[in-house]
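Peer 1: Listed in order, the protein sequences are those of chains A and B. Sequential numbering of the first sequence, starting at 141, is according to my numbering. Sequential numbering of the second sequence, starting at 115, is according to my numbering.
In case anyone wonders, no lab produced these hints; they're calculated from the structure. For every residue, glycine included, the Cβ atom is placed at its ideal position computed from N, Cα and C. Treat the hints loosely; a few may be bogus.
[Stated by the list, open to error] Cut-off 20 Å, straight-line C-alpha distance, at most; resulting in silico cross-link-like pairs (EDC-like, lysine to aspartate or glutamate):
1. A:Lys-227 with B:Glu-329
2. A:Lys-415 with A:Glu-435
3. A:Lys-364 with A:Glu-435
4. B:Lys-493 with A:Glu-215
[As the list claims (entries may be wrong)] Label pairs and their computed distance ranges (CB to CB):
5. A:Gly-157 with B:Leu-421: 32 to 38 Å
6. A:Gly-276 with B:Leu-421: 30 to 36 Å
7. B:Phe-385 with A:Gly-276: 45 to 51 Å
8. A:Ser-166 with B:Leu-481: 43 to 49 Å
9. A:Gly-151 with B:Phe-385: 53 to 59 Å
10. B:Leu-481 with A:Gly-157: 23 to 29 Å
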Amino acid sequence: MGPEAVIEVAGLTRRFGSFTAVQQVSFSVRAGEIFGFLGANGAGKSTTIRILCGLLAPSEGHACVAGIDVARDPEAVKRSIGYMSQKFSLYLDLTAEENLEFFGGAYGLGRRALRQRGRELLARVGLRERSAEITGRLPGGMRQRLALAAAMLHRPRILFLDEPTSGVDPRARQSFWALIREAAREGVTVFVTTHAMDEAEFCDRIGLMADGRLRALDTPDGLKRSFLPGEMFHLELSPDRSIDALASQPGVLRIESAGAAYRLRVEAGRFDPEKLRALLGPAAVRVERVEPDLEDVFLEVVTQARGEAVP
Amino acid sequence: MGTGLSGLMAVMRKELRQTFRDRRMVAILIMAPLIQTVVLGYAVDLDVDAVPTVVCDRDQSPASRALVQEYLAGGTFRLVGRAAEPADAERWLDRGDAAVALILERGLGERLRAGQAASVQVFIDGSDSNRALVAMSASTQFFVGRAARLSQERLSWLERLQGRSLAVPRLTLEPRIMYNPRLSSPRYMVPGVAAFLLLLVTTLLTAMGIARERELGTLEQILVTPLSPMALLTGKCLPFAFLGLIDVAGLVAIGALLFDVPMRGPLWLVFAGTLVYLLTTLGIGILISTVSRTQQQAMLGALFFMLPALLLSGFATPIGNMPGWLQPITYLNPMRYFVEFMRGCLIRGSGLAELWPKLLVLLVFGLSVLGLGALRFRKRLA
Numbered sequence: 141m142g143p144e145a146v147i148e149v150a151g152l153t154r155r156f157g158s159f160t161a162v163q164q165v166s167f168s169v170r171a172g173e174i175f176g177f178l179g180a181n182g183a184g185k186s187t188t189i190r191i192l193c194g195l196l197a198p199s200e201g202h203a204c205v206a207g208i209d210v211a212r213d214p215e216a217v218k219r220s221i222g223y224m225s226q227k228f229s230l231y232l233d234l235t236a237e238e239n240l241e242f243f244g245g246a247y248g249l250g251r252r253a254l255r256q257r258g259r260e261l262l263a264r265v266g267l268r269e270r271s272a273e274i275t276g277r278l279p280g281g282m283r284q285r286l287a288l289a290a291a292m293l294h295r296p297r298i299l300f301l302d303e304p305t306s307g308v309d310p311r312a313r314q315s316f317w318a319l320i321r322e323a324a325r326e327g328v329t330v331f332v333t334t335h336a337m338d339e340a341e342f343c344d345r346i347g348l349m350a351d352g353r354l355r356a357l358d359t360p361d362g363l364k365r366s367f368l369p370g371e372m373f374h375l376e377l378s379p380d381r382s383i384d385a386l387a388s389q390p391g392v393l394r395i396e397s398a399g400a401a402y403r404l405r406v407e408a409g410r411f412d413p414e415k416l417r418a419l420l421g422p423a424a425v426r427v428e429r430v431e432p433d434l435e436d437v438f439l440e441v442v443t444q445a446r447g448e449a450v451p
Numbered sequence: 115m116g117t118g119l120s121g122l123m124a125v126m127r128k129e130l131r132q133t134f135r136d137r138r139m140v141a142i143l144i145m146a147p148l149i150q151t152v153v154l155g156y157a158v159d160l161d162v163d164a165v166p167t168v169v170c171d172r173d174q175s176p177a178s179r180a181l182v183q184e185y186l187a188g189g190t191f192r193l194v195g196r197a198a199e200p201a202d203a204e205r206w207l208d209r210g211d212a213a214v215a216l217i218l219e220r221g222l223g224e225r226l227r228a229g230q231a232a233s234v235q236v237f238i239d240g241s242d243s244n245r246a247l248v249a250m251s252a253s254t255q256f257f258v259g260r261a262a263r264l265s266q267e268r269l270s271w272l273e274r275l276q277g278r279s280l281a282v283p284r285l286t287l288e289p290r291i292m293y294n295p296r297l298s299s300p301r302y303m304v305p306g307v308a309a310f311l312l313l314l315v316t317t318l319l320t321a322m323g324i325a326r327e328r329e330l331g332t333l334e335q336i337l338v339t340p341l342s343p344m345a346l347l348t349g350k351c352l353p354f355a356f357l358g359l360i361d362v363a364g365l366v367a368i369g370a371l372l373f374d375v376p377m378r379g380p381l382w383l384v385f386a387g388t389l390v391y392l393l394t395t396l397g398i399g400i401l402i403s404t405v406s407r408t409q410q411q412a413m414l415g416a417l418f419f420m421l422p423a424l425l426l427s428g429f430a431t432p433i434g435n436m437p438g439w440l441q442p443i444t445y446l447n448p449m450r451y452f453v454e455f456m457r458g459c460l461i462r463g464s465g466l467a468e469l470w471p472k473l474l475v476l477l478v479f480g481l482s483v484l485g486l487g488a489l490r491f492r493k494r495l496a
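Isolated chain A (complex conformation):
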């Protein structure tokens, strides 16, 4: 057995009227893990996270966070977790420092402890020089880092981050993920939702949500292996040429179009770039072997889920 599970979810369901946002979701997250929750908008990620934070009561099922049943004692859960919601939710008319002071007070931190912890976190997220600035005047990336600092003030064991990097430029994203990894190294469990597949690669394990159900759960490599067996090729064809010649070949598993380019998945060992060139003839502009990425996994999972949904 690995390290203890800090989040345990079994048969979790949440309905809003006749709409089921989360359906029979079960998983567990180990201490110190970066657990990614992937899915399109409306797949049930935020609802799950809000149940785990004690903001929403589950309709059915159980959720234990830090050993506490969230439905039974949501107040006790709040002390062990930090939460960053999808929407920026600090006060834009307060300075960075005043925001930390307020949330520190809300967590019951004493004045001295708060001042020290605030300084430490502001330095860590790179906001020491701008701590006296009004939050509304800070650029988006800094605001997100400030929100992370606010969520970490009380040294939570678990961090719930709901789309923390949405609307932030790529460089700011990188520095944000560096902070997430740093927290994880210190033993904080990070539960993060995203729909950016490149970010998902940074996660230790990933849960894939589609239509309120957890469709897959594994490490990024494990997901690729189980959902995308075989080999992947990236093809570019000259315009107006069809890829139909390949579709009927034995051993071709799937062809996804992405604009003028295609992603081709085939059984292992049956094709190589030369053979594909020969098959496509002069239409082939570019043919190369590629590693599958999580985008491919996600498309595959969603396609399979659709297939199940339509009997």
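Position chain B relative to chain A; hints supplied.
Peer 2: Just chain B, lined up with the frame of chain A:
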């Protein structure tokens, strides 16, 4: 183990910072009520004097001239012109250049001297009912007084003529208006203005303040902290309650300095009553916030409550003048009790012994509304 006190302090500090950082907000909270009191105090001055008057003296005798002069001397009527014919005088009224026309017929002096009955006509423009009423009662008072004097003069003359005294029974009315002897309307208005401005400031700000946190998502961020809903509500309300007390202090000072409000009652009672009233206004603000998703909805909700509360409080128009079916409804209006309380305390100089029933009603209102608001607030979060 709770974060009760430190959380409460944090919320209060945050509210004060946010409020005072916004200069316009400070202006709205402190300056606006004071300016409004001054404006409302002067604008709703219901006192009537210098009513524009046109005189048509067709007699032109010493007696008629004396009558006109005395009629105008009281200050209620101000001469704006003279008319040769009653028809001309009526035209003055039609044009709105005069509100009262005094018509003295030819031969008036002659008839009076001869001991005969004579009549005087007064036309009054009734489109402003309050002014018409005042003009009417001033005219009545004047001419009844003159008539009594004329009879008295006649009587003395008869007595001298017959060499014996003639006893005639006489009844005189001696009205004495208590507490507000000059019937000054700002005195009557200032307590009502205080009640309204407190409602405006505290209810609106509380409702919008909570709705804003909900709208911006900061409420959700607070909800994942162990901060209790009670600490959150208390921390949000206390600064507004404090501002309300400052506003009342300013209002009372303006009332005393500019409008001569007598300030008869004990000051501590004014503030104690205000505090009790604030329970209600803050509670209503919280209640409104629980049914609004956005600041705009909260603002409209607050207005929806405030206007009827204002009109049914007896703030400017006496509740006794309202239609019979409407009057009982005013008992459900907390503002009514506060207006009455303030009038009692500031103008009549009543103390706790007389005013405790109103305070008790306000306290019951306040505690129930506040309790209901807090309960609904907590429920909506869950």
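Peer 1: Each hint: holds or not?
Peer 2: Hints, verified against the model:
no. : hint                                 : in the structure
1   : A:Lys-227 with B:Glu-329             : 11 Å, holds
2   : A:Lys-415 with A:Glu-435             : 26 Å, violated
3   : A:Lys-364 with A:Glu-435             : 10 Å, holds
4   : B:Lys-493 with A:Glu-215             : 15 Å, holds
5   : A:Gly-157 with B:Leu-421: 32 to 38 Å : 35 Å, holds
6   : A:Gly-276 with B:Leu-421: 30 to 36 Å : 34 Å, holds
7   : B:Phe-385 with A:Gly-276: 45 to 51 Å : 37 Å, violated
8   : A:Ser-166 with B:Leu-481: 43 to 49 Å : 47 Å, holds
9   : A:Gly-151 with B:Phe-385: 53 to 59 Å : 58 Å, holds
10  : B:Leu-481 with A:Gly-157: 23 to 29 Å : 35 Å, violated
Checked against the numbered hints above, the structure violates hints 2, 7, 10; every other hint is satisfied.
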